[in-house]
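Peer 1: Sequence:
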Amino acid sequence: MVEVLTGISAWNSACWVTMSDSNHTGSSFLLAGLPGLEDFQIWISIPFSFMYLLAVIGNGLVMAVVVGDRNLHEPMYLFLAMLALNDVLLCTVTVPQMLLIFWHTCVVQMFFIHTFSFTESSVLLAMAFDRYVAICHPLRYATILTPRLIMKIGIAALLRSACAMIPLLARLAFFPFCHSHILSHSYCLHQDMIRLACADTKFNVIYGLVLISVLWGMDSLGIFVSYVYILHSILKIASREGRLKALNTCASHICAVLILYVPMIGLSIVHRFAKHSSPLIHIFMAHIYLLVPPVLNPIIYSVKTKQIRQGVLYLLLHTKISSTMM
1 MVEVLTGISA WNSACWVTMS DSNHTGSSFL LAGLPGLEDF QIWISIPFSF
51 MYLLAVIGNG LVMAVVVGDR NLHEPMYLFL AMLALNDVLL CTVTVPQMLL
101 IFWHTCVVQM FFIHTFSFTE SSVLLAMAFD RYVAICHPLR YATILTPRLI
151 MKIGIAALLR SACAMIPLLA RLAFFPFCHS HILSHSYCLH QDMIRLACAD
201 TKFNVIYGLV LISVLWGMDS LGIFVSYVYI LHSILKIASR EGRLKALNTC
251 ASHICAVLIL YVPMIGLSIV HRFAKHSSPL IHIFMAHIYL LVPPVLNPII
301 YSVKTKQIRQ GVLYLLLHTK ISSTMM
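With the numbering used here, letter number 294 in the sequence shown gets 294, and the count goes up by one each step, no holes.
None of these hints come from the bench; they were simulated from the model. Model, not experiment: these values are computed from the prediction. Heads up, some of the hints might be wrong.
As the list claims (entries may be wrong) - DSBU-like cross-link-like pairs, simulated, lysine-lysine; straight-line CA separation at most 30 Å: (1) 304 / 245; (2) 304 / 202; (3) 245 / 202; (4) 306 / 245; (5) 202 / 306; (6) 152 / 306.
What the hints assert, rightly or not - Here are the computed distance ranges between Cβ atoms for each label pair: (7) 195 / 50: 28 to 34 Å; (8) 248 / 314: 21 to 27 Å; (9) 156 / 236: 29 to 35 Å; (10) 202 / 248: 47 to 53 Å; (11) 247 / 214: 41 to 47 Å; (12) 317 / 174: 50 to 56 Å; (13) 307 / 139: 17 to 23 Å; (14) 310 / 140: 40 to 46 Å; (15) 149 / 209: 31 to 37 Å; (16) 235 / 313: 32 to 38 Å.
Idealized CB from N, CA, C, for every residue including glycine.
Given these sequences and hints, build the entire structure.
Peer 2: Given below as C-alpha coordinates:
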(Lines of atoms letter the chains of each structure in order from A and count residues from 1; the text may use other names and numbers.)
(Lines give C-alpha, C1' and ligand atoms only; values in the text may rest on other atoms or scores of the structure.)
Protein backbone atom coordinates (compact mmCIF):
# COMPACT_ATOMS: atom_id res chain seq x y z
CA MET A 1 0.00 0.00 0.00
CA VAL A 2 2.82 2.38 0.87
CA GLU A 3 4.46 1.55 -2.45
CA VAL A 4 1.27 2.35 -4.35
CA LEU A 5 0.81 5.66 -2.52
CA THR A 6 4.42 6.54 -3.19
CA GLY A 7 3.95 5.79 -6.88
CA ILE A 8 0.83 7.98 -7.04
CA SER A 9 2.41 10.87 -5.17
CA ALA A 10 5.43 10.79 -7.47
CA TRP A 11 3.38 10.90 -10.65
CA ASN A 12 5.60 13.65 -12.01
CA SER A 13 8.53 11.29 -12.22
CA ALA A 14 6.93 7.87 -12.70
CA CYS A 15 3.72 5.97 -13.32
CA TRP A 16 2.26 2.56 -12.59
CA VAL A 17 1.69 0.28 -15.56
CA THR A 18 -0.61 -2.64 -14.80
CA MET A 19 -0.03 -5.85 -16.71
CA SER A 20 -2.26 -8.35 -14.97
CA ASP A 21 -3.84 -9.15 -11.62
CA SER A 22 -2.54 -12.66 -10.98
CA ASN A 23 -0.06 -13.29 -8.19
CA HIS A 24 2.90 -14.39 -10.30
CA THR A 25 2.45 -13.12 -13.85
CA GLY A 26 0.57 -10.05 -12.66
CA SER A 27 2.77 -7.05 -11.98
CA SER A 28 2.87 -3.28 -12.00
CA PHE A 29 5.76 -1.48 -13.61
CA LEU A 30 6.94 1.85 -12.31
CA LEU A 31 8.18 3.93 -15.20
CA ALA A 32 11.04 6.19 -14.24
CA GLY A 33 10.82 9.78 -15.34
CA LEU A 34 14.02 11.75 -14.78
CA PRO A 35 15.63 10.66 -11.49
CA GLY A 36 16.96 13.57 -9.46
CA LEU A 37 15.07 16.14 -11.53
CA GLU A 38 11.59 15.65 -10.08
CA ASP A 39 11.29 19.36 -9.19
CA PHE A 40 11.89 20.31 -12.82
CA GLN A 41 9.64 17.71 -14.47
CA ILE A 42 7.01 20.25 -15.51
CA TRP A 43 9.61 22.45 -17.19
CA ILE A 44 11.32 19.47 -18.82
CA SER A 45 7.97 18.31 -20.24
CA ILE A 46 7.69 21.55 -22.24
CA PRO A 47 10.43 20.76 -24.81
CA PHE A 48 9.14 17.18 -25.13
CA SER A 49 5.63 18.52 -25.76
CA PHE A 50 6.99 21.01 -28.28
CA MET A 51 9.02 18.34 -30.08
CA TYR A 52 6.00 16.04 -30.26
CA LEU A 53 3.81 18.86 -31.59
CA LEU A 54 6.48 19.81 -34.12
CA ALA A 55 6.87 16.19 -35.23
CA VAL A 56 3.11 15.71 -35.73
CA ILE A 57 2.62 19.04 -37.52
CA GLY A 58 5.73 18.68 -39.69
CA ASN A 59 5.04 15.11 -40.75
CA GLY A 60 1.34 15.89 -41.15
CA LEU A 61 2.15 18.73 -43.55
CA VAL A 62 4.44 16.47 -45.57
CA MET A 63 1.74 13.78 -45.82
CA ALA A 64 -0.93 16.35 -46.74
CA VAL A 65 1.26 17.82 -49.47
CA VAL A 66 2.13 14.44 -50.98
CA VAL A 67 -1.47 13.18 -50.85
CA GLY A 68 -2.96 16.44 -52.15
CA ASP A 69 -0.58 17.10 -55.05
CA ARG A 70 -0.90 14.62 -57.91
CA ASN A 71 2.48 15.73 -59.25
CA LEU A 72 4.03 14.24 -56.11
CA HIS A 73 2.43 10.81 -56.59
CA GLU A 74 5.81 9.39 -57.46
CA PRO A 75 7.71 6.64 -55.63
CA MET A 76 10.16 8.95 -53.82
CA TYR A 77 7.39 11.14 -52.38
CA LEU A 78 5.10 8.22 -51.59
CA PHE A 79 7.92 6.63 -49.59
CA LEU A 80 8.46 10.00 -47.90
CA ALA A 81 4.78 10.12 -46.91
CA MET A 82 5.10 6.56 -45.62
CA LEU A 83 8.13 7.59 -43.54
CA ALA A 84 6.25 10.62 -42.18
CA LEU A 85 3.26 8.46 -41.20
CA ASN A 86 5.53 5.98 -39.43
CA ASP A 87 7.24 8.83 -37.53
CA VAL A 88 3.87 10.17 -36.34
CA LEU A 89 2.81 6.72 -35.16
CA LEU A 90 6.15 6.13 -33.41
CA CYS A 91 5.84 9.44 -31.54
CA THR A 92 2.18 8.89 -30.72
CA VAL A 93 2.71 5.55 -29.00
CA THR A 94 5.54 7.05 -26.93
CA VAL A 95 5.18 10.72 -26.08
CA PRO A 96 1.57 10.89 -24.77
CA GLN A 97 2.42 8.25 -22.17
CA MET A 98 5.56 10.13 -21.21
CA LEU A 99 3.54 13.31 -20.74
CA LEU A 100 0.62 11.75 -18.91
CA ILE A 101 2.97 9.44 -16.94
CA PHE A 102 0.34 6.74 -17.06
CA TRP A 103 0.18 3.69 -19.35
CA HIS A 104 -1.85 0.54 -18.61
CA THR A 105 -0.42 -1.80 -21.19
CA CYS A 106 3.36 -1.69 -21.03
CA VAL A 107 3.84 -4.82 -23.14
CA VAL A 108 1.62 -3.44 -25.91
CA GLN A 109 3.51 -0.15 -25.94
CA MET A 110 6.79 -2.06 -26.11
CA PHE A 111 5.47 -4.05 -29.07
CA PHE A 112 4.48 -0.94 -31.05
CA ILE A 113 7.67 0.99 -30.24
CA HIS A 114 9.92 -1.79 -31.55
CA THR A 115 7.59 -2.55 -34.48
CA PHE A 116 7.58 1.03 -35.74
CA SER A 117 11.35 1.34 -35.17
CA PHE A 118 11.98 -1.69 -37.38
CA THR A 119 9.42 -0.40 -39.91
CA GLU A 120 11.19 2.96 -40.17
CA SER A 121 14.42 1.18 -41.01
CA SER A 122 12.60 -0.87 -43.68
CA VAL A 123 11.08 2.26 -45.24
CA LEU A 124 14.52 3.85 -45.42
CA LEU A 125 15.75 0.73 -47.23
CA ALA A 126 12.87 1.08 -49.69
CA MET A 127 13.77 4.75 -50.21
CA ALA A 128 17.37 3.72 -50.91
CA PHE A 129 16.07 1.32 -53.56
CA ASP A 130 13.97 4.17 -54.97
CA ARG A 131 17.08 6.37 -55.33
CA TYR A 132 18.98 3.45 -56.90
CA VAL A 133 16.31 2.95 -59.57
CA ALA A 134 15.96 6.70 -60.19
CA ILE A 135 19.70 7.20 -60.76
CA CYS A 136 20.83 3.85 -62.19
CA HIS A 137 17.72 3.01 -64.27
CA PRO A 138 15.93 6.35 -64.87
CA LEU A 139 14.13 5.19 -68.03
CA ARG A 140 12.53 2.26 -66.17
CA TYR A 141 11.74 4.24 -63.01
CA ALA A 142 7.98 4.57 -63.57
CA THR A 143 7.55 0.97 -64.73
CA ILE A 144 9.52 -0.58 -61.84
CA LEU A 145 8.20 1.45 -58.92
CA THR A 146 4.49 1.38 -59.57
CA PRO A 147 1.97 2.55 -56.92
CA ARG A 148 0.88 -1.06 -56.43
CA LEU A 149 4.46 -2.19 -55.74
CA ILE A 150 4.98 0.69 -53.32
CA MET A 151 1.83 -0.29 -51.41
CA LYS A 152 3.04 -3.89 -51.22
CA ILE A 153 6.44 -2.73 -49.94
CA GLY A 154 4.80 -0.65 -47.20
CA ILE A 155 2.54 -3.49 -46.07
CA ALA A 156 5.42 -5.97 -46.18
CA ALA A 157 7.63 -3.65 -44.09
CA LEU A 158 4.97 -3.31 -41.39
CA LEU A 159 4.07 -7.02 -41.36
CA ARG A 160 7.73 -8.06 -41.25
CA SER A 161 8.35 -5.89 -38.19
CA ALA A 162 5.12 -6.84 -36.39
CA CYS A 163 5.42 -10.59 -37.00
CA ALA A 164 9.05 -10.58 -35.87
CA MET A 165 7.99 -9.05 -32.53
CA ILE A 166 5.16 -11.51 -31.80
CA PRO A 167 7.35 -14.22 -30.15
CA LEU A 168 8.80 -11.65 -27.74
CA LEU A 169 5.37 -10.24 -27.00
CA ALA A 170 3.86 -13.67 -26.37
CA ARG A 171 6.57 -14.72 -23.92
CA LEU A 172 6.87 -11.41 -22.12
CA ALA A 173 3.15 -11.20 -21.42
CA PHE A 174 3.33 -14.37 -19.29
CA PHE A 175 6.61 -13.77 -17.46
CA PRO A 176 6.47 -13.52 -13.66
CA PHE A 177 7.92 -10.24 -12.39
CA CYS A 178 8.96 -10.48 -8.76
CA HIS A 179 11.92 -8.09 -8.70
CA SER A 180 11.79 -4.31 -8.54
CA HIS A 181 9.23 -2.99 -11.01
CA ILE A 182 11.03 0.26 -11.70
CA LEU A 183 11.90 0.61 -15.40
CA SER A 184 14.83 2.73 -16.52
CA HIS A 185 12.96 4.87 -19.04
CA SER A 186 9.75 6.83 -19.41
CA TYR A 187 8.43 4.20 -21.80
CA CYS A 188 8.57 0.42 -22.13
CA LEU A 189 11.46 -1.29 -23.91
CA HIS A 190 12.00 -5.03 -24.24
CA GLN A 191 15.58 -5.04 -22.96
CA ASP A 192 14.50 -2.97 -19.97
CA MET A 193 11.59 -5.27 -19.04
CA ILE A 194 13.23 -8.69 -19.31
CA ARG A 195 15.85 -7.81 -16.70
CA LEU A 196 13.02 -7.59 -14.15
CA ALA A 197 11.55 -11.02 -14.96
CA CYS A 198 11.87 -13.93 -12.52
CA ALA A 199 12.15 -16.51 -15.30
CA ASP A 200 14.55 -17.89 -17.86
CA THR A 201 14.93 -15.02 -20.32
CA LYS A 202 17.68 -16.63 -22.41
CA PHE A 203 15.35 -17.02 -25.41
CA ASN A 204 14.31 -13.36 -25.26
CA VAL A 205 17.90 -12.17 -24.99
CA ILE A 206 19.16 -14.32 -27.87
CA TYR A 207 16.10 -13.76 -30.04
CA GLY A 208 16.27 -10.00 -29.44
CA LEU A 209 19.91 -9.83 -30.47
CA VAL A 210 19.26 -11.96 -33.56
CA LEU A 211 16.23 -9.84 -34.44
CA ILE A 212 18.17 -6.59 -34.26
CA SER A 213 21.13 -8.07 -36.15
CA VAL A 214 18.98 -9.55 -38.92
CA LEU A 215 16.44 -6.76 -39.45
CA TRP A 216 18.59 -3.69 -38.92
CA GLY A 217 21.62 -5.52 -40.31
CA MET A 218 19.84 -6.45 -43.54
CA ASP A 219 18.36 -2.96 -43.90
CA SER A 220 21.66 -1.16 -43.33
CA LEU A 221 23.46 -3.57 -45.66
CA GLY A 222 20.81 -3.03 -48.35
CA ILE A 223 21.15 0.75 -47.98
CA PHE A 224 24.93 0.50 -48.20
CA VAL A 225 24.83 -1.70 -51.31
CA SER A 226 22.31 0.63 -52.97
CA TYR A 227 24.59 3.61 -52.46
CA VAL A 228 27.59 1.71 -53.76
CA TYR A 229 25.71 1.27 -57.06
CA ILE A 230 24.43 4.84 -56.91
CA LEU A 231 27.91 6.30 -56.44
CA HIS A 232 29.23 4.07 -59.21
CA SER A 233 26.59 5.46 -61.60
CA ILE A 234 27.11 9.06 -60.46
CA LEU A 235 30.84 8.86 -61.12
CA LYS A 236 30.07 7.88 -64.71
CA ILE A 237 28.27 11.18 -65.32
CA ALA A 238 30.50 13.40 -67.44
CA SER A 239 29.65 16.86 -66.15
CA ARG A 240 30.39 18.03 -62.61
CA GLU A 241 26.98 19.75 -62.44
CA GLY A 242 25.26 16.52 -63.39
CA ARG A 243 27.08 14.58 -60.69
CA LEU A 244 26.20 17.18 -58.04
CA LYS A 245 22.56 17.26 -59.14
CA ALA A 246 22.29 13.48 -58.98
CA LEU A 247 24.01 13.37 -55.59
CA ASN A 248 21.79 16.16 -54.27
CA THR A 249 18.70 14.02 -54.87
CA CYS A 250 20.11 11.56 -52.33
CA ALA A 251 21.09 14.13 -49.69
CA SER A 252 17.75 14.12 -47.87
CA HIS A 253 17.66 10.34 -47.69
CA ILE A 254 21.25 10.14 -46.44
CA CYS A 255 20.39 12.61 -43.67
CA ALA A 256 17.29 10.56 -42.74
CA VAL A 257 19.43 7.41 -42.52
CA LEU A 258 22.00 9.13 -40.33
CA ILE A 259 19.50 10.61 -37.88
CA LEU A 260 17.97 7.15 -37.38
CA TYR A 261 21.08 5.01 -37.17
CA VAL A 262 23.45 7.36 -35.31
CA PRO A 263 21.19 7.75 -32.22
CA MET A 264 20.38 4.03 -32.41
CA ILE A 265 24.07 3.09 -32.41
CA GLY A 266 24.73 5.63 -29.65
CA LEU A 267 21.95 4.15 -27.49
CA SER A 268 23.33 0.62 -28.05
CA ILE A 269 26.84 1.73 -27.08
CA VAL A 270 25.55 3.42 -23.92
CA HIS A 271 23.58 0.29 -22.93
CA ARG A 272 26.54 -2.00 -23.56
CA PHE A 273 29.59 -0.01 -22.46
CA ALA A 274 28.21 2.60 -20.06
CA LYS A 275 26.03 0.49 -17.78
CA HIS A 276 27.30 2.23 -14.65
CA SER A 277 27.02 5.76 -15.98
CA SER A 278 24.37 8.23 -14.85
CA PRO A 279 20.79 7.04 -15.54
CA LEU A 280 20.12 10.43 -17.13
CA ILE A 281 22.51 9.57 -19.98
CA HIS A 282 20.55 6.40 -20.79
CA ILE A 283 17.22 8.20 -20.50
CA PHE A 284 18.15 11.17 -22.68
CA MET A 285 19.79 8.93 -25.30
CA ALA A 286 16.62 6.85 -25.47
CA HIS A 287 14.49 9.99 -25.87
CA ILE A 288 16.79 11.34 -28.56
CA TYR A 289 16.57 8.02 -30.42
CA LEU A 290 12.76 8.17 -30.54
CA LEU A 291 12.16 11.91 -30.95
CA VAL A 292 14.94 13.27 -33.15
CA PRO A 293 14.07 11.38 -36.40
CA PRO A 294 10.35 12.36 -36.39
CA VAL A 295 11.26 16.00 -35.67
CA LEU A 296 14.10 16.36 -38.17
CA ASN A 297 12.80 14.27 -41.10
CA PRO A 298 10.08 16.72 -42.23
CA ILE A 299 12.45 19.67 -41.73
CA ILE A 300 15.19 18.04 -43.81
CA TYR A 301 12.85 17.07 -46.63
CA SER A 302 11.14 20.47 -46.61
CA VAL A 303 14.49 22.27 -46.86
CA LYS A 304 16.19 19.92 -49.33
CA THR A 305 13.25 19.03 -51.59
CA LYS A 306 11.88 21.90 -53.67
CA GLN A 307 8.54 20.22 -54.42
CA ILE A 308 7.86 19.52 -50.74
CA ARG A 309 8.89 23.06 -49.75
CA GLN A 310 6.63 24.63 -52.37
CA GLY A 311 3.77 22.32 -51.43
CA VAL A 312 4.05 23.21 -47.73
CA LEU A 313 4.13 26.95 -48.52
CA TYR A 314 1.13 26.62 -50.84
CA LEU A 315 -0.81 24.62 -48.27
CA LEU A 316 -0.08 27.13 -45.49
CA LEU A 317 -0.92 30.08 -47.74
CA HIS A 318 -4.13 28.45 -48.98
CA THR A 319 -5.19 27.64 -45.40
CA LYS A 320 -4.50 31.23 -44.31
CA ILE A 321 -6.51 32.68 -47.21
CA SER A 322 -9.42 30.31 -46.53
CA SER A 323 -9.51 31.21 -42.81
CA THR A 324 -9.38 34.94 -43.66
CA MET A 325 -12.32 34.64 -46.10
CA MET A 326 -14.39 32.80 -43.49
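Peer 1: Determine for every hint whether it applies to the structure shown.
Peer 2: Quick rundown of the hints versus the structure:
Between residue 304 and residue 245 the CA atoms are separated by roughly 12 Å; this keeps the pair inside 30 Å, and the hint holds. Proximity of residue 304 to residue 202 is assessed by CA-CA distance (about 45 Å); at most 30 Å being required, the pair is judged violated. Proximity of residue 245 to residue 202 is assessed by CA-CA distance (about 50 Å); at most 30 Å being required, the pair is judged violated. A hinted pair counts as satisfied when its Cα atoms are at most 30 Å apart, and residue 306 with residue 245 qualifies at roughly 13 Å.
This hinted pair does not check out: residue 202 and residue 306 have alpha carbons roughly 50 Å apart, beyond 30 Å. For the given pair, residue 152 sits about 27 Å from residue 306 by alpha-carbon distance, which is consistent with the 30 Å threshold. Checked against the hint of 28 to 34 Å, the pair residue 195 and residue 50 passes, with Cβ atoms roughly 32 Å apart. Checked against the hint of 21 to 27 Å, the C-beta distance between residue 248 and residue 314 comes to roughly 22 Å, which is consistent with it.
Taking 29 to 35 Å as the suggested C-beta distance range, the pair residue 156 and residue 236 conforms, at roughly 32 Å. Between residue 202 and residue 248, the C-beta spacing of about 48 Å keeps the proposed range 47 to 53 Å intact. Separated by about 30 Å at the C-beta atoms, residue 247 and residue 214 break the suggested range of 41 to 47 Å. Checked against the hint of 50 to 56 Å, the C-beta distance between residue 317 and residue 174 comes to roughly 55 Å, which is consistent with it.
Range check, residue 307 to residue 139: Cβ separation about 21 Å, and the 17 to 23 Å hint holds. Remark: the range hint 40 to 46 Å for residue 310 to residue 140 is contradicted by a beta-carbon distance near 27 Å. For residue 149 and residue 209, the hinted distance range of 31 to 37 Å is satisfied, since their beta carbons lie about 32 Å from each other. At about 35 Å, the CB distance of residue 235 to residue 313 agrees with the hint of 32 to 38 Å.
In this structure, the hints that do not hold are numbers 2, 3, 5, 11, 14, in rising order.
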